[in-house]
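Enquirer: Single-letter residue listing:
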Amino acid sequence: MPDLRALPALADRTPLVSHGIRLSPLPEGTVLQMIVGPDAPDQTANVERLANESGLAARPLSPGQWLLIGDKPTRRADMKHLLAALEPQASGIDQSHGRVRMRLEGPMAVKVLAKGTAVDLNQRAFPPGRSVATLIGHIAAHLTRHDVEDFEIAVLRGLAEACWIDLAGMCEEFV
Amino acid sequence: MTSYRLPQGGLIDRGHPLSFTFDGKALQGVQGDSLASALLANGRRLVGRSFKYHRPRGILTSGAAEPNALMTIGSSGRTEPNTRATMQELYAGLEARSQNRWPSLAFDIGALNSLASPFLGAGFYYKTFMWPAPFWEKVYEPFIRKAAGLGRATHEADPDSYDKCWAHCDLLVVGSGPAGLAAALTAGRAGARVIVADEHAMAGGSLLSETAIIGGTPASAFAEACATELRSLPNVTLLTRTTVFGWYDGNVFGAVERVQRHIATLSPSRPVERLWRIVAKGTILATGAEERPLVFGGNDIPGVMMAGAMRTYLNRYAVAPGRTTAIFTANDSGYQLAADLEARGVRVSAIVDPRAAGGATYAGKARVLRDAVVTDAHGGRSLAAIDIRSGSRTDRLKVDALAMSGGFSPVVHLACHRGGRPVWSDEKAGFLPPANFGGLTPAGAARGIDGLAACLDDGARRGANLVATFGFTATPVAFGTVEGDVPVSAPAKTLWSIPGGKGKAFVDYQNDVHRKDLDLAVKEGYGHVELAKRYTTGGMATDQGKLSNVNAIGLLAEARGLSPGAVGTTTFRPFYTPVSFGALAGAHHGEHFQPVRRSPLHGWAARHGAVFVETGLWYRSAWFPRTGEKDWRESVAREVVNVRRNAGLCDVSMLGKIEICGPDAAEFLNRVYCNAFLKLPIGKARYGLMLREDGMIYDDGTTSRLEENRFLMTTTTAYAAGAMNHLEFCAQALWPDLDVRLASVTDQWAQMAIAGPKSRKILQAIIDEDIGDAAFPYLAAHEVSLFGGALHGRLFRISFSGELAYELAIPAAYGDSVAEALMATGRTEGLMPYGVEALSVLRIEKGHVTHNEINGTVVPADLGFGKMVSLAKPDFIGKAMLQREGLAAPDRPRLVGVVPLDPADTFRTGAHILAKNAAATLENDQGYVTSSAHSPHVGSTIGLALVKRGDERHGEEVVVWNGLNGEFTSARLCPPVFFDPSNEKLHA
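These protein sequence lines are chains Z and U, in that order.
Heads up: the first sequence is residues 1 to 175, going by UniProt numbering.
Heads up: the second sequence is residues 1 to 988, going by UniProt numbering.
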């Protein structure tokens, strides 16, 4: 039996910390992409319920699509159960390895992000709890605001390191 | 006599001296100086040479429009040519060098051009350098470019960093003069999100040069108080040193902030410049107005300066223009200057006013000459005297400084960047911005408002009105009484030209365009404003005619007997002032130039010595060299042979993977592909061809049915994103009635091809289920358990190499471990990694196509896939157009193999096919080699080609012609499958 280890995409990256900004990798837990059918009624309540039951957080991705996200991996049987529960109104696609999350927090977080995203980060326009698909520089990303100065960024696994390098560059003047 | 520093006054810090150099000479200024003010304070009037005639030039303005005082700042990689001395803040150690002169600024050999000036008029090179034609590119143009011109960029790398940033606001205020500050304060106090951008180091605009008292506070202190309040408001951002350079769609403005261009010791962690993209709901254009020069002989001699600039140097920088000053003004602003000069003890010898009753309120000592004009200025490198004509009498007056003011042109540039045209106003004697074009609201002098109090009031009211439309209740801020406000009435008659002058009367200083050049343009049929610009070069180069364009239009109007409004302006486009390439590139250079996309098996490949190749954003392992191998071909040949003999492992994670779910997924695929997919069994993969609407092949790949309503499509690496977009378009636009859900899962899986006769044995060691041919036949595809249930993946029995082969997909984070486990398990079976080069050789040997062959012009039958097309289906994308007559023409290029007659010969991809003995002409072109490689299996170069009727010509001798290198290779057409044509290995 070989030594089977999950190798995080940002395994080589240690948090970047200063008094104004902190950039850190988040655990590669669970990311489930949920897509409802085109004619399905509003599934927001169902999504929230399913997420709560599964210990996951539901974040809008695009019209009719959500990401259900958790810090811990979901066991295979539980994932199959969850996927089955979504059907037929919706389909679930396991993206737990396909998306990598990182956290950007601190008083300078908005200034750093404004270098990469065209999203209006003012609290009135983008309040805590809101998610949006955007670009960070050249890289497609899913941005969630947890708190005034606390953001989560999810990107494709293959681009995670590039996104980290870009974000670290954007942080440089505040480090 | 020359300019000098006054002992008192100004917004400068005399207790903070700053040393700098100009052309190597050490000079000293003070904190708060611009480079221009510091040079003037040091008595340096001569600061540059003109573009064409190399005439001595001095500082003309105090702001962004400066055409003359262009300098090269800095050294090595920080060399910045064409820096306007008027915009450059002084800092300790600044190195400035004059441009366009040799051997020195004072003695410039190029000034001899002035002697030849009768032959160097507008368009002279169009007429002069006609013959011989080849000389234009080889002799004339290089010589002219060397003789004329501006500064030179350095070839050294820029060591500094640049940044880009987005900003959003309710109100963007461009300019922080009286109108801008009033608008910003009004909107800011109402709670609107406001961004104020001003190109200067200090907010205040013209207030910084003013002597008026606003609400009991001197104008400059008033400006400072306004700026302090704006900075204190959390909803307001005040950006100084920030030039808004363009207005773009979506109400996005581009601006560049000079973050560290004014600092002696740069912080390495901060950018030197930051490019802002500002998204604004509404915009106040408070850009003020540009003072126009007067066009008289010698109006470019150092010592001649714009009146407003002279007032700025006097009041803001405490620099007197000279010992004896004259003022030539067509409006009342010159009288304000006279009063200020006299108040500071600078003698004003004359005010020359072409109007009959100008300056009625002036009560100073200077002689006022009404109904008079300055016809000529005299002097070499510094002004010595002027000729004043009054009636029929002309007198010469000795002066060492002359201020001029021909009127004011509102700065309308931004308002016209999105197609709006400025409107001529006879009343204001200037072009006004288009009214409310695209939601941009001009205010103050930018829309021709005259006087300080009026501009404050206009800015406040317009700011309030604009933010009210966004739901804010705003009260226009009142600032109290303005004392010393002298409205500058427009000239009763615009004074475009002054007859009687003998010297060159310059219209465009930066391009050495004088009045006679414009006369010539009109005479020779280039009187249209756009043609005159190109013919004379007026309005080009770094200042883009900020000072000259309106005068040029006025002169054209006079010459053509039209009004300036009828002549119109040239087209305004970004950028308002030059923007560095560094700012435009931002951080996107070096490792940030474009993102690198890494496979989950990247580390595994690197540990095994992979040489990587960029494939789009991906880094793919190209080959894995081993000690002793002399070149890449040897490594690739070894990998190919090993796959055929034993087994190889190749990272194919970057191939596109799309999950297609939903109750209508099968029907959806049946319409997307030209072959049948409706009845694909669960657990099976099928090769599919996607066509475009025109019937040509778009992309190919395999699609597997994992569950009743869940499919997995693979695409080529290059077309992964395109295929996803295509499918989304089909689902959302073509067939919204189908319930289908699409998700890219490319990054979810680490996918490895295990190919070769021993692949099954190697894989079976880690896979729990039986993967023998009976249990897991060719094109089987389903989930498998690995390592006794410790992990689950997806296994596909598909082959690109033609060997017994599988593709194993593992959740990406485990890819590295599983690949290493396979390498360990397969070591005894001879398993080796192989890269995309070997993969390419293997697929060419097998006759498998890629986008080399799927080149956008082939239909399925061209590649031998004609029988795959299911015309029995009700519809699929491309079905109708595929049946066009021409797409079934017998002489279409079709896929065929090519081998050299002599195995020692070779040919290259892209070479063309000629019939044997045919002349090497394009008329005889039969097709071309789409792919080629050295085949260890065949023992020679092999190729795939698209050749006319290729599939009917197997065995025919042809010539492979490489026209670029003049190579001819005798070859034979053959079946495109060089390896295992009966597929025995595939089905082993």
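Each hint should be verified, as a subset may be incorrect.
Stated by the list, open to error - Taking lysine-lysine pairs in the DSSO-like style, the calculated list, with each CA pair at most 30 angstroms apart, reads:
1. U:K523 - Z:K111
2. U:K873 - U:K679
3. U:K428 - U:K398
4. U:K679 - Z:K80
5. U:K879 - Z:K80
6. U:K867 - U:K879
7. U:K867 - U:K948
8. U:K679 - U:K879
To be verified - One side only, chain U facing chain Z, incomplete, derived with CB under 10 angstroms:
9. G603
10. G662
11. L734
12. D737
13. V740
14. H954
It is worth saying that the hints were derived from the structure and are not from the lab.
Beta carbons are placed, not taken as given, at the ideal position from N, Cα and C, and that holds for glycine.
Enquirer: Could you run down the list of hints and mark each one as holding or not?
Expert: To see whether the hints hold, each was checked on the structure:
1. U:K523 - Z:K111: The hint is violated at about 57 angstroms.
2. U:K873 - U:K679: 12 angstroms, holds
3. U:K428 - U:K398: 33 angstroms, violated
4. U:K679 - Z:K80: 25 angstroms, holds
5. U:K879 - Z:K80: 39 angstroms, violated
6. U:K867 - U:K879: OK: K867 (chain U) and K879 (chain U) at ~14 angstroms, within 30 angstroms.
7. U:K867 - U:K948: Answer holds: K867 (chain U) to K948 (chain U) is near 19 angstroms, not above 30 angstroms.
8. U:K679 - U:K879: Distance ~19 angstroms between K679 (chain U) and K879 (chain U) Cα, so the pair holds.
9. G603: 7 angstroms, holds
10. G662: 6 angstroms, holds
11. L734: 13 angstroms, violated
12. D737: 8 angstroms, holds
13. V740: 8 angstroms, holds
14. H954: It is violated, given that the least Cβ distance between H954 (chain U) and chain Z is near 43 angstroms, above 10 angstroms.
Of the numbered hints given earlier, the model fails hints 1, 3, 5, 11, 14; all others are met.
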